[in-house]
Amino acid sequence: MDYSRSFAISAAGMAVERARVEVASLNLANANTIQTEGTAGFQPLRVLALAMPANLAMPGAFANQVDAGLNEAALSGWNITLPQVAIEPSGAQPRAVYEPTNPFANAKGFVTYPGVDTATEMISMMGALRSYEANVAAMNTARALALKALDIGGASS
Amino acid sequence: MTAEAIMAVAPVQIGGVADGASMDAASPALTAQPGSALGPFGRMVSQGLDAVNHDLVVSQTDLQELATGNVQNLHQIMIRMEETRLSFQLFMQVRNRLLEAYQDIMKMQV
Amino acid sequence: MTEGIEAITTAALGLALDAASLRQQAIASNIANADTVGYEPLSVNFETQLEEARFAMQSQGRLDATSLAGVVPRLEIDRSYRSFGLSPKVLLDVEVAHMAQNAVHYQALIRGLSRHFAIMSSAVSDGKK
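Residue numbers (this note's numbering), protein chains in the order written: chain A, 1 to 157; chain B, 158 to 267; chain C, 268 to 396.
Here chain A stands alone, though its shape is the one from the complex (with noise of 0.2 Å):
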């Protein structure tokens, strides 16, 4: 077992947790923005995970010490992929909500919100909570076994 290589996954399966949680919060403080006439106004984003092969993965993700830790002649034939994140726009229609007496009211008395789904936000980020809590589960599992690798033939000395 090699343990470097164990913390190096858990780390990246984290990283994508956290960026999801990111996003989410990021949605829910921007959902009650008015979009303008003629500005954009806010685009909630959303979180794609992608499977890459190690060696291809930015170095936020670890992944490239991962792949500069792989011994060839040991592991021929074992392609770790690691989760990369990519954020991008989530391409949601805006909401428009009656409000007349709104001075960014439009001509029919429309203001426009972000369509930014507060349910779905929250789901999305307790999703990523237990998720997070499995990859932490999984590294401490990972450095107890080193750990008791180590007491092999005797706890101390």
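Hints in this document: simulated from the structure, not taken from any laboratory. Fair warning: this is a prediction, and the values are worked out from it, not measured in the lab. No residue lacks a Cβ here, since even glycine has one placed at the ideal position from N, Cα and C. Please note that the accuracy of each hint is not assured.
[As the list claims (entries may be wrong)] Residues from chain B shown here face chain A by an in silico Cβ test under 7 Å; the list is partial:
1. V228
2. Q229
3. L231
4. Q233
5. I236
6. D261
7. V267
[Said to hold, decoys possible] Listed next, with one range per pair, are the computed distances between beta-carbon atoms:
8. B/Q266 with C/A274: 22 to 28 Å
9. A/E37 with C/E343: 49 to 55 Å
10. A/L26 with C/T303: 20 to 26 Å
11. A/Q93 with C/I377: 24 to 30 Å
12. C/Q292 with B/L243: 51 to 57 Å
Starting from the known structure of chain A, arrange chains B and C on it as the hints suggest.
Just chains B and C, lined up with the frame of chain A:
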């Protein structure tokens, strides 16, 4: 040092092994006089010494690999180190018993 | 004890322990400055200096004393972000994973070194405690 230290403290000449042996750890093969003064017991002991030396060298190279950052098989390294330690201690006990036996014999009044 | 393979092993383990403790300091600095504007993450350059030594080890089976000469663990700025055109930023998850891995590696080195010395001390003390 490993097997050199043993030979340095063990005055027992087991079939001429101590004389002709160059216990350099770089050459684990024992360079004893080929079979001339070695009885079967001497050969057995020298084979055991070879095995212990080989184990020690293997655990040293394992530790060097760990130091240079090759951490593929941590459990393998620990298992081999424990085996090395046990075989080394067994060899030390064998050497102690042989020494005691030799001293017992030398105490006998002619 | 000053010649032979034991000295090389002890020296190599000592160097690796130096690198691990320096790495711990670098990671602690990165974590403490995670939100600092304009902070460039630090890393330790040690394993890359041992590339030649590793190749030599695969062919010869053991480490050569000369390949350890001049290998010094040193702090350097982490350049891996620049090659992708990103501004340097500390990713907390990655740093914590580094820290956990470094801690395990340090303990493994310590355990290996103490077992190594235990075997030698049992030889020196004639197998008696």
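Okay, the hints, checked on the actual structure:
1. A least Cβ separation of about 6 Å between B/V228 and chain A falls short of the 7 Å threshold, and the interface hint therefore holds.
2. Here the hint on B/Q229 is kept, as its CB sits about 5 Å from the closest CB of chain A, short of 7 Å.
3. With a least beta-carbon distance of about 5 Å to chain A, the hint placing B/L231 at the interface is held under the 7 Å criterion.
4. Interface hint status for B/Q233: violated, as the beta-carbon distance to the closest one in chain A is roughly 9 Å, over 7 Å.
5. Given the 7 Å rule on beta carbons, the hint for B/I236 holds: about 6 Å separates it from the nearest Cβ of chain A.
6. A distance limit of 7 Å between C-beta atoms decides the matter here; for B/D261 the minimum to chain A is near 33 Å, and the interface restraint is violated.
7. Evaluation of the B/V267 hint against chain A yields a violated restraint, the C-beta minimum of about 46 Å exceeding 7 Å.
8. Our hint of 22 to 28 Å for B/Q266 and C/A274 is violated, since their Cβ atoms are close to 47 Å apart.
9. For A/E37 paired with C/E343, a C-beta distance near 52 Å keeps the hint of 49 to 55 Å intact.
10. Hint check: A/L26 to C/T303, Cβ distance near 22 Å, so the stated range 20 to 26 Å holds.
11. With their beta carbons about 60 Å apart, A/Q93 and C/I377 fall outside the hinted range of 24 to 30 Å.
12. Between C/Q292 and B/L243 the CB atoms are about 38 Å apart, so this pair departs from the stated range of 51 to 57 Å.
The structure shown violates the earlier hints numbered 4, 6, 7, 8, 11, 12.
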